[in-house]
Amino acid sequence: MSTLHNTSENPKALKLGPIGTLLMGDKGGQRLIMALIAVAIIFPFCNLVFSEGSFLHVSTYTLTLTGKYLCYALLALSVDLIWGYCGILSLGHGAFFALGGYAMGMYLMRQIGDRGVYGNAELPDFMVFLDWKELPWYWFGFDQFWFASIMVLVVPGILAFVFGWLAFRSRVTGVYLSIITQALTYALMLAFFRNDMGFGGNNGLTDFKDILGFDLQSNTTRCALFIASALAVILGYLISRFITTSKLGRVLVSIRDAEMRTRFLGYKVEYYKLFVFVVSAMMAGVAGALYVPQVGIINPGEFTPIYSIEIIIWVAIGGRGTLFGAVIGAIAVNYAKTYFTGAFAELWLFMLGGLFVMATLYLPKGIVGFIEDAKQGNGTSNRFYLLFKNTPFSKWFSKQSSKGSV
Amino acid sequence: MSLAIPKHLENAPILYLDGVSVSFDGFKALNNLSLCIEPGEMRAIIGPNGAGKTTMMDVITGKTRPDTGTVLFNHKELNELDLTQYDEAEVANLGVGRKFQKPSVIETLTVFENLELAQKGGRGVWQALMHTLTNEKKQKIQNTLELIALQDKAQDLAANLSHGQKQWLEIGMLISQEPELLLIDEPAAGMTDEETMKTAELFKTLAKNHSLVVVEHDMDFIAALDCKVTVLNEGSVLAEGSLASVQKNQQVIDVYLGR
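Protein chains in written order, with the numbering used here: chain L, 1 to 406; chain Y, 1001 to 1259.
Everything labelled a hint here was simulated from the structure, so no lab data went into it. Computed from a prediction, not measured in an experiment: that's the story for all the values here. Ideal Cβ positions, reconstructed from N, Cα and C, are used throughout, including at glycine. Please note that a few of the clues may not be correct.
As the list claims (entries may be wrong) - Computed footprint of chain L on chain Y; a stretch qualifies when at least three of its residues, placed anywhere within it, have a C-beta under 8 Å from a C-beta of chain L:
no., stretch
1, 1075-1089
2, 1109-1120
3, 1194-1200
4, 1245-1255
As the list claims (entries may be wrong) - Chain L residues, not near chain Y, derived (Cβ > 10 Å throughout):
no., residue
5, Tyr118
6, Gln144
7, Leu153
8, Val269
9, Ala332
10, Ala343
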């Protein structure tokens, strides 16, 4: 807990600069950012410099897969910001991710130009197929990268603002809020499935060729997208950290733990919730925008409610309310998902469910909370730790802590 | 129903309730309640359970809208304000502080952080995001910590405080808000006799430049406050006067003190 509540000023802060100050006393965050920087350098380097056969080669497949996980990590961060710190359990955050993805997808569609199957320079293939004569008004501007980039933030931001304004002002909280966020993403899914919405219907947007003139299939473009994703996670982490360590962050915690009390202290709870919800939706939008060029497709399936629930599982397993725990959870669960859906496809959903039940029962504070408790030898609140008490595992943890203290 | 404080009252009251009624599913929690608190006055409110003490506080602080009646607050600068038009946060920012019956501090924050949040000013989202603790603000928090005798616990989580200490922290938070009017619900609950007497002393000091409304059951505490007492019963005022006169009132003895 102490790492979360570092308010005391330190003379060192002046030397460390703004980023150093943000990460002061945040060991997990420091390590996370180190690791992300390392991965952002090593993976592309090993992909481009070493040739296929080499022991040090990182395949483009692995690179792209990891890039995808980094987008998920940013998405998990956005959920942890609202759920972990403000108690807003959004079961529809996949909607903001998908909207950011669609905004980027629309740009990539326009980039195809006359290289589509029908060779129409103005209209994407699916519109030609639907016998549309001209581009719908909401597709204007998406041939410009800068415009699409702004929309990646603005579209999820506006939706979150309108939705949040209505929900938070009416004091919809807890499970009721969760249910309507779920309904939100479900409604969007149904809407995007319709052909006449003008977003490619069932098939979504795909067959992308290039981004900013660079071929999406080339290794260098993929490496650039990978690095951009890693940087986005770092930036997202720093923004989240800035918010949660400010006084605003403490207001959020106080809303999470005692909403009524916070109102009586004079804080307009709905404005605070709205602010953090919009920031979170924008982060999710950016994650979606980086995801789409790497996987090469965006379709209404991304709005499926179960995807939004999965995000919650990543955060819960990683450790809610720690920020870096969300990143760890997203990457760990998705690596597991990739492996197990390959090995035992039909069992994965059961395993995911089981994982969530296990995490709730035995790891209430997630992986991060478990390691912290174990290091402090504080297993009383942790039934998982008690399972391993008096086994080599607990010794390993206590050794770790004695090393740390010396 | 007029929205003005009657002119015949010499000292314009800081809080003026007239004919306030609230009912929940047919149960009249407040029944034509009228109450007048003068600036700088300390007032004790007593009454049996269900007399409407907490509902009265809910109405004043914007949590509950009254069915009928007037609730006016005489703000230092803005003069007469109809409190029923504001929500909880707005009422708090107008200068009405409230302490709850159950100590409600933010348990996952430290004692210092609790006081920092309560400190007057900076309620906007952007102000909170860009907030920096100036030395002046820090000094003020330090002073409050000393006042509530928690200076050694500043960096402890509020969850780890004893019950009495939580009560004191909440009183400290209330003071940090620098309200004009303080509504305090059972401050002495769960305190030792010594703590109770210290709290009474603190309130008397506060009464020098604040107006206080204190709801309490502890008669020794009320005696120590040495102020005017209002007895509530079934949602309206049963008796009002000094503690001695109220204690002699046969009706009060029947519904409350006698039991």
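Hint check:
Beta-carbon proximity to chain L at under 8 Å applies to 3 residues in the stretch 1075-1089 of chain Y; the threshold of 3 is reached and the given coverage holds. Three residues within the 8 Å Cβ limit are the bar, and the stretch 1109-1120 of chain Y against chain L gives 7, so the coverage statement holds. For the stretch 1194-1200 of chain Y, the assignment as covered by chain L is violated, since 0 residues bring a beta-carbon within under 8 Å of that chain's beta-carbons and 3 are needed. For the stretch 1245-1255 of chain Y, the stated coverage by chain L is not satisfied: 0 residues place a CB nearer than 8 Å to a CB of that chain, which falls below the threshold of 3.
Against the 10 Å criterion, Tyr118/L stays outside the reach of chain Y, whose nearest CB is about 49 Å from its own CB. For Gln144/L, the shortest C-beta to C-beta distance to chain Y comes to about 31 Å, beyond the 10 Å cut-off, and the non-interface label holds. The beta carbon of Leu153/L sits about 18 Å from the closest Cβ of chain Y, which is more than 10 Å, so the claim that it is off the interface holds. A Cβ of chain Y approaches the Cβ of Val269/L within 10 Å, the least distance being about 7 Å, so the stated non-interface status is violated.
Remark: the non-interface label on Ala332/L is consistent with the geometry, its nearest Cβ contact in chain Y lying 26 Å away (cut-off 10 Å). Remark: the non-interface label on Ala343/L is consistent with the geometry, its nearest Cβ contact in chain Y lying 41 Å away (cut-off 10 Å).
Hint compliance for this structure: hints 3, 4 and 8 are not met, and every other hint is.
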